[in-house]
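Chemist: Protein sequence lines, in the order shown, are assigned to chains A and B.
Per numbering that gives the first Met the number 0, the first sequence runs over residues 0 to 399.
Per numbering that gives the first Met the number 0, the second sequence runs over residues 0 to 399.
Careful: at least some of the hints might be erroneous.
[Said to hold, decoys possible] Calculated cross-link-like contacts (lysine to any residue; reagent style SDA-like; alpha-carbon spacing at most 25 angstroms):
hint: 1; chain 1: B; residue 1: Lys394; chain 2: A; residue 2: Val173
hint: 2; chain 1: A; residue 1: Lys265; chain 2: B; residue 2: Gln247
hint: 3; chain 1: A; residue 1: Lys265; chain 2: B; residue 2: Phe25
Hints listed in this document are in silico derivations from the structure and should not be mistaken for laboratory results.
Since this is a predicted model, take the numbers as computed values, not measurements.
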Amino acid sequence: MEEKINRYLDTIAPQLIEMADDIFDHPELPYEEVRSSGILCDWLEKEGFTVQRGIEELNTAFKAVYQNGPGGLNIGLLCEYDCLPNGHSCGHHMQGPVILGAAAALKNSGLNIPFTITVYGTPAEEVLTGKPKMIEKGCFRELDVALMTHAGEYCCVRTQSLTGINLKVVFTGVHAHDTAMPWANRSGFDAFVLAMQGMEFLRGHVHDGTRLFHQLYDAIGVKGNTDPSRAEGVFACRTFRLEDKEDLEKRMRNILEGAALMSGVKVEIEKTLDVMGTLGSESLGKLVMKFAKELDAPQINENVANTGGSNDFANITHLLPGTIARVATTPPGVATHSVEFLKYGKSQLSHESTVIGAKIIAQACAEMLKKPEILREVKTELSRRKAELAEKIAVLNGNA
Amino acid sequence: MYNAENLYRKIDSYKTDLANMADDIFDHPELPYEEYRSCELICSWLEKEGFTMERKAGGMDTAFRAVYEKGDKGPAIGFVLEYDCLPNGHSCGHHMQGPAILGAVKALKNSGPGRPFKLVVYGTPAEEVLTGKPRMIQAGCFQDIEAALMMHAHTNSYVGTKSMTGVNLETVFTGVHAHDTARPWGSRSGFDAMMQAIQAFEYLRGHVHDGTRFFYQISDAIGLKGNPDPSRAAATFSFRTYKMEDLQDLEERSRNILKGAALMNGVKVEIEKTLEVQGTLPNETIKSIMMHYAQEAGAIRLLPEHKAAGGSNDFGNITQIMPAAQFFTAMAPDGIALHTEAILKEGKTEQAHEAVAVAAKVVAATAAELIENPRHLEQAKAEFTEKKEELNRKKEALKI
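All chains, full assembly: derive it from the sequences and hints.
Modeler: Next up, the structure:
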C-alpha cells in the first residue's frame with residue numbers, strides 16, 4: 000500500500016465528508032444535477048485538473064484531466080450525483096467525494112510513473128441513459144481502465160447486472176363513433192391489451208430470471224370522448240443472460256408488430272433504453288477487494304449475491320475493463336431507493352466509507368501503475384469474456 | 000303471364016308418385032357426399048323420363064347433370080336440387096327437393112310452353128357442409144344455364160332473398176416442442192398463439208358491422224400424446240355476415256389475426272380456406288314471378304318478404320353467378336325449427352306431401368314464364384348485372 004495516499008486522504012477527509020453531506024442535502028434529479036456537478040468541477044479545478052464542464056448538450060456531465068508526465072496509463076474514475084424523487088436514496092451523493100479524493104490522492108502520491116487521471120462526471124444514472132449517451136458522444140474510449148464506487152449494504156464487487164431494453168410503443172388506430180359506427184374504428188387499445196397478453200405468454204418461454212414488465216401511459220385518445228384508437232406505453236425486459244438481449248428484443252418487437260397486425264392498427268416502436276449487463280472482471284474485482292481487506296473496510300462481503308438491478312456503468316464494462324468498488328454505508332438489509340436508506344446518507348458509517356472508498360480506489364490504481372502486468376491480465380480477461388459472449392449470441396442466432 | 004293451369008293439372012296427376020319418392024328418400028337418409036342411393040333414385044327417374052344423364056358431374060360421385068332440350072336455341076333454365084341429410088336425418092327437408100324438381104321438369108317437358116327450351120337439372124351434394132355447389136362451380140358446372148331455380152322446405156312460404164356469406168379458415172399453429180419444465184425457454188407454443196387468436200377475434204367483434212358472426216372450434220391442442228406438448232394447435236375460425244361486400248375485408252382481417260398471433264408467439268401458421276360460402280344476391284324479377292305463381296298454386300303462409308333466418312346456404316354461390324331464386328315452401332307448422340328433432344316428425348305428413356306438389360308447380364310455372372316471355376329473362380339478367388356491379392362498387396368503397 001502507498002501510505003502517502005492513505006495519509007493524504009485522512010488529511011482531506013473532512014473536506015470530502017462535508018462535500019458528501021452538502022450534495023446529500025441538495026439532491027438533484029437526473030439531468031438536473033447542476034449544483035452537484037458544479038461543486039465537483041470547482042473542487043477539481045482548484046486541485047489543478049483541466050475541467051470541461053458539460054459535454055455537448057449534457058450540461059451536467061463533465062470531464063476533468065490531470066496528466067502526470069508524458070504517456071502512461073489513462074485511469075478513468077467515474078462518479079454519479081443524481082438522486083431519486085425521494086432524495087439520495089441510492090447514495091450517489093458520496094460518489095463524487097470518493098472519486099475526487101482518489102483522484103487527488105493519486106495526483107499527490109509522488110509516484111514516479113507517468114500516468115493520466117481522467118475523472119468523468121456522469122449524469123442521470125437512475126434513468127440509465129447518462130453513460131450510454133456519453134458513450135455515443137465518444138467519451139471513455141481513451142481510458143485504459145474505469146473505476147467507480149457505489150454506496151450500499153456491503154463492501155464488495157458485483158460481477159453481474161441486468162441487461163435489457165425499454166420499447167416505447169404507440170399503437171394508432173382509427174377513431175369512429177363507438178356506438179354509431181363501431182365497424183369503422185380500429186382500436187390501438189385492443190392492440191395494447193393483446194401485446195400485454197403476448198408478453199405474459201412470453202414469460203413461459205424464456206430463461207428463468209428474465210423480467211418482463213410494462214406500463215400504460217395513455218389510452219384516452221381524444222379526451223371527453225370515448226376513443227380507444229390510440230394507446231401508448233412502454234414494454235421492457237431485463238435479464239442477467241447478456242446473450243439473450245437481442246433475441247428478447249426481436250421477440251418483443253414481433254409481439255408488438257403482431258398485436259398491431261391483429262388489430263388493424265399502426266405501431267411505432269422507439270427503443271428508449273438499451274442497458275447492457277455488466278461484463279464482470281474478476282481480476283479487477285480481486286484487486287479492489289485485496290485493498291478493501293488491507294484497509295479493513297466495514298462490512299466486507301466477498302460472496303455477495305448479485306441483485307436484480309441494472310446500472311449504466313455496465314455499458315462501460317463492454318468497452319474497457321471496469322469495476323465498481325462498492326462500500327458499505329448502511330447496515331445489511333437496507334434496500335437502496337428506500338426511505339430507510341436515506342437515514343444513513345450522512346451516518347458515521349457513510350462518512351467512514353467515503354474515505355475508505357477513496358483509499359481503496361487510489362490504492363488499486365497505484366498498484367496498476369506500479370505493476371503493468373495486472374492491467375494486461377485484466378484486458379486479456381475482458382477479451383476472453385467478450386469472445387465467449389459473442390460465441391453464445393452466435394449459437395442463439397444459429398450462426399455458430 | 001304464362002297460363003300455368005296445364006302444368007298444375009299435370010303435377011296433380013302424379014303428385015302421389017312425388018310424395019312416395021320423398022318418403023323413400025326421407026326413410027333412407029344419407030349424409031353429405033354419401034347420398035348414393037338418393038342420387039341414383041333421382042337419376043334413374045330422370046333417365047326414364049328421357050333426360051340425357053351425366054352422372055358424377057364435376058367429378059363428384061353424388062352430383063349429376065340431366066338435360067332435356069326441346070327445339071333449338073331456347074333459353075336454358077337450370078333446376079337445382081339437394082338430397083343430403085343431417086346426422087339426425089332429413090331435418091332440413093332436402094328429401095322433398097328431388098321429387099319437387101322432378102315434378103316440375105316432367106310437367107314442363109310434357110305440358111310446357113310451346114317455344115323451344117332447354118331444361119338442365121343439377122343434383123348437388125353436400126349442402127349441409129356448404130361445399131357441394133362451390134366445388135361444382137369450380138369444376139365448371141352451371142355455365143350452361145341462364146337462370147337457376149330451386150325449392151327448399153320451410154315452415155313459411157317465401158322467396159329467399161338473403162343468406163349469410165363467410166369463410167372457414169382451418170388453421171394450424173406449429174411451434175417448437177421442448178421439455179416444459181427443463182427447457183421452457185426452448186419451446187414455442189402453438190396453443191398460446193391459438194388463445195391469442197381467439198382473444199383477438201373477440202376484440203374484432205367490437206369493430207365490425209352488426210350481425211357479423213364469429214365462431215371457432217378447436218380441433219387439436221394436444222401435440223404429442225402422453226406428454227405435455229402445446230407446440231401444435233389446430234382450430235377452425237369462421238365468420239358469417241349478411242353484408243356481402245364485407246367478405247374479403249373480413250377474410251383479410253381474420254388472416255391478419257392468425258398471422259399476427261403466430262408472429263407474436265414465434266410459431267408458424269398454416270391457413271387453409273375450407274369454406275367460402277356466398278350470400279344470396281336476390282333477384283326481384285324472378286321473385287315477383289315466383290310470388291305470382293305461389294299465390295296461384297295456393298302456397299300456404301306465403302310471406303311477401305324473406306324474414307332473415309341467420310343461416311347460409313350454398314345456393315348463395317349460384318346467385319352470385321346468374322339470376323336465381325329459391326322458393327321456400329311451408330311444409331310444417333310455423334315455429335318449428337329446421338335441423339331439429341321436431342321437424343323430423345313433419346317430414347312425411349300430408350302437409351309435406353302437398354308442399355312437394357306446390358313447390359313443383361311454382362318452380363315449373365316460373366320456368367315456363369321465363370321461357371315464354373324472353374323479356375322477363377332479359378330483365379332478370381339485367382338486374383343480376385346491375386346488382387353485381389353495385390356489390391363490386393361497395394367492395395371497392397371499403398378499400399379506400
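Chemist: For each hint, tell me whether it holds in the structure or not.
Modeler: Now the hints, each set against the structure:
1. Lys394/B to Val173/A: OK: Lys394/B and Val173/A at ~19 angstroms, within 25 angstroms.
2. Lys265/A to Gln247/B: 20 angstroms, holds
3. Lys265/A to Phe25/B: Violated. Lys265/A to Phe25/B sits at ~55 angstroms, over the 25 angstroms cutoff.
In summary, the structure is inconsistent with hint 3 from the numbered list given earlier, while agreeing with all the others.
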